[in-house]
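Protein chains in written order, with my numbering: chain A, 219 to 535; chain B, 464 to 644.
No lab work stands behind these hints: they were computed from the structure.
Quick caveat: nothing in here was measured; it's all calculated off a predicted structure.
Treat the hints with care, since some could be wrong.
[Said to hold, decoys possible] Derived CB-CB ranges, DEER-like:
id	chain 1	residue 1	chain 2	residue 2	range
1	A	370	B	517	45 to 51 Å
2	B	488	A	370	47 to 53 Å
3	A	330	B	642	49 to 55 Å
4	A	473	B	517	50 to 56 Å
5	A	375	B	472	34 to 40 Å
6	B	494	A	254	22 to 28 Å
7	B	590	A	421	37 to 43 Å
8	B	640	A	421	39 to 45 Å
[What the hints assert, rightly or not] Coverage of chain B stretches by chain A, computed from C-beta distances (three or more under 8 Å per stretch; other residues unrestricted):
id	segment
9	523-535
10	549-556
11	573-586
Ideal Cβ placement from N, Cα and C applies to all residues, glycine included.
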Amino acid sequence: MSDQLSTKHLLGIGELTPEDIELIFRTADGFKEVLSRPIKKVPSLRDITVANLFFENSTRTRISFELAEKRLSADIINFSSSSSSTKKGETLIDTVNNILAMKVDMVVMRHPDPGAAVFLSRHVEARIINAGDGTHAHPTQALLDAYSIRERLGKVKGVKVAIVGDILHSRVALSNIQCLRKLGAEVMLCGPTTLMPRHAASLGVRISHDLDEALRWCDVANMLRIQLERQGGDGVANFPTLREYAMLFGLDRRRYEAIGRDIVIMHPGPINRGVEITSDVADSGASIILDQVENGVAVRMAVLYLLAGGIDRSVRQ
Amino acid sequence: MQALTLLESTAFELTVQRLCHELIEDHGHLGSTALIGLQPRGVYFARRLKKELLKITGEEQITYGELDITFHRDDFRQRSVTAAPATTALNFSLDDRRVVLIDDVLFTGRSIRAGLDAMLSFGRPRSVELMVFIDRRFSRQLPIQADFVGRSVDSIDGQHVTVEWKESDGVDRVSLKQMPR
Numbered sequence: 219m220s221d222q223l224s225t226k227h228l229l230g231i232g233e234l235t236p237e238d239i240e241l242i243f244r245t246a247d248g249f250k251e252v253l254s255r256p257i258k259k260v261p262s263l264r265d266i267t268v269a270n271l272f273f274e275n276s277t278r279t280r281i282s283f284e285l286a287e288k289r290l291s292a293d294i295i296n297f298s299s300s301s302s303s304t305k306k307g308e309t310l311i312d313t314v315n316n317i318l319a320m321k322v323d324m325v326v327m328r329h330p331d332p333g334a335a336v337f338l339s340r341h342v343e344a345r346i347i348n349a350g351d352g353t354h355a356h357p358t359q360a361l362l363d364a365y366s367i368r369e370r371l372g373k374v375k376g377v378k379v380a381i382v383g384d385i386l387h388s389r390v391a392l393s394n395i396q397c398l399r400k401l402g403a404e405v406m407l408c409g410p411t412t413l414m415p416r417h418a419a420s421l422g423v424r425i426s427h428d429l430d431e432a433l434r435w436c437d438v439a440n441m442l443r444i445q446l447e448r449q450g451g452d453g454v455a456n457f458p459t460l461r462e463y464a465m466l467f468g469l470d471r472r473r474y475e476a477i478g479r480d481i482v483i484m485h486p487g488p489i490n491r492g493v494e495i496t497s498d499v500a501d502s503g504a505s506i507i508l509d510q511v512e513n514g515v516a517v518r519m520a521v522l523y524l525l526a527g528g529i530d531r532s533v534r535q
Numbered sequence: 464m465q466a467l468t469l470l471e472s473t474a475f476e477l478t479v480q481r482l483c484h485e486l487i488e489d490h491g492h493l494g495s496t497a498l499i500g501l502q503p504r505g506v507y508f509a510r511r512l513k514k515e516l517l518k519i520t521g522e523e524q525i526t527y528g529e530l531d532i533t534f535h536r537d538d539f540r541q542r543s544v545t546a547a548p549a550t551t552a553l554n555f556s557l558d559d560r561r562v563v564l565i566d567d568v569l570f571t572g573r574s575i576r577a578g579l580d581a582m583l584s585f586g587r588p589r590s591v592e593l594m595v596f597i598d599r600r601f602s603r604q605l606p607i608q609a610d611f612v613g614r615s616v617d618s619i620d621g622q623h624v625t626v627e628w629k630e631s632d633g634v635d636r637v638s639l640k641q642m643p644r
């Protein structure tokens with residue numbers, strides 16, 4: 219078993235090996251225990267400064283990262299684009315280099331453009347963690363989703379996971395598919411054809427346009443959020459009305475009971491209650507939505523800790 | 464390189480027994496005592512102690528926990544690899560307890576420092592003592608000494624002391640090895 223990640227940055231799931239993911243999970247187990255202590259803080263990152271750069275709105279990811287950093291005793295800087303010089307026309311590299319000039323070791327970045335994190339990792343001297351770049355990747359969400367499945371079902375290998383909803387606009391879906399496939403799970407995508415990426419089948423997944431069929435097949439249903447803010451970017455609506463979407467692809471009590479056995483319900487949040495999932499299912503015992511949030515902090519602590527482990531004090535600028 | 468055996472079989476057993484009796488002599492009734500084994504290697508010693516103490520005292524149970532110190536280490540970034548954590552199993556508060564930290568080998572004292580730091584997340588003990596099976600004297604880098612010592616060993620840099628336990632390694636043995644330069 220390796221004790222070190224094979225990568226310097228976390229840009230996407232693609233560059234992680236299954237051993238890396240296993241190491242992150244084992245480390246997260248340790249942090250989960252730390253988070254259950256009366257004093258939920260360890261000094262591991264005492265000498266590390268982390269910049270949280272959020273060029274796109276985020277509540278839970280930002281809070282989750284911030285909490286993870288604080289629990290590890292890192293110093294942190296928060297930055298959101300609404301209150302910054304990017305509004306004055308500064309480029310991404312300039313913004314980040316200015317922040318790094320103040321001796322920052324790690325950058326956690328959320329950005330609306332796909333590939334922003336990869337781009338940044340090629341041009342600046344810091345460990346980069348991608349906290350979501352456009353419709354491309356959201357690796358920590360995929361890791362915490364797989365971790366939550368492992369926690370609830372005891373394994374990921376061989377588990378059948380249906381990812382339902384707005385696949386087209388979802389970085390969560392893409393990262394989840396990669397992560398689950400690496401760990402040996404089977405994946406089915408389910409959603410209207412208009413919200414399905416054109417080459418989805420090339421990702422090695424099953425595809426369905428019938429929610430009831432997907433629910434009958436799966437052990438875990440991950441109900442994605444309809445990304446209302448990204449719909450109709452090309453001037454075409456992807457579905458007629460939210461009501462129609464909810465009728466065809468929304469998970470409610472009646473549909474859940476028709477499955478006839480227990481499956482695990484997930485949602486990356488924030489929930490559009492009554493659209494992709496109704497409250498009675500989201501708040502039921504089958505749902506691990508709040509476990510996902512809790513595990514998010516432990517998994518992000520593990521990623522920060524393992525990446526920081528490779529930072530050499532002696533060569534730091 | 465040949466290993467030099469410092470302690471095994473009967474002598475090893477007797478040392479464990481003596482430490483149990485020293486602890487009972489010092490603490491009397493073990494009601495407020497909490498034994499805490501330090502991960503990764505100290506827990507084998509701690510589990511053995513717990514078993515023997517239960518036998519000697521005839522008590523039903525002894526407050527016992529295991530503590531992982533990985534996240535509290537000070538050599539986190541100096542080591543060539545990042546240490547992956549072991550398990551912490553400590554489901555009681557240390558408030559007002561007489562804590563005995565247990566490790567197999569006391570060397571530089573840095574693990575114990577990290578152990579003290581990690582332990583404080585679980586409450587404020589009345590007192591903290593240190594029990595080690597092997598004390599490598601003259602190797603300390605921090606002002607830390609053990610209260611209960613199984614055997615003191617004078618060794619130099621480049622030597623490595625290994626403690627093996629029947630439960631995990633199949634044999635009770637303390638050996639000294641010269642590490643290749």
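Hints, verified against the model:
no. : hint                       : result
1   : A:370 to B:517: 45 to 51 Å : violated (36 Å)
2   : B:488 to A:370: 47 to 53 Å : holds (49 Å)
3   : A:330 to B:642: 49 to 55 Å : holds (54 Å)
4   : A:473 to B:517: 50 to 56 Å : holds (55 Å)
5   : A:375 to B:472: 34 to 40 Å : violated (44 Å)
6   : B:494 to A:254: 22 to 28 Å : holds (26 Å)
7   : B:590 to A:421: 37 to 43 Å : violated (60 Å)
8   : B:640 to A:421: 39 to 45 Å : violated (52 Å)
9   : 523-535                    : holds (count 4)
10  : 549-556                    : holds (count 4)
11  : 573-586                    : holds (count 6)
The structure does not agree with the numbered hints 1, 5, 7 and 8 stated previously, though it agrees with the rest.
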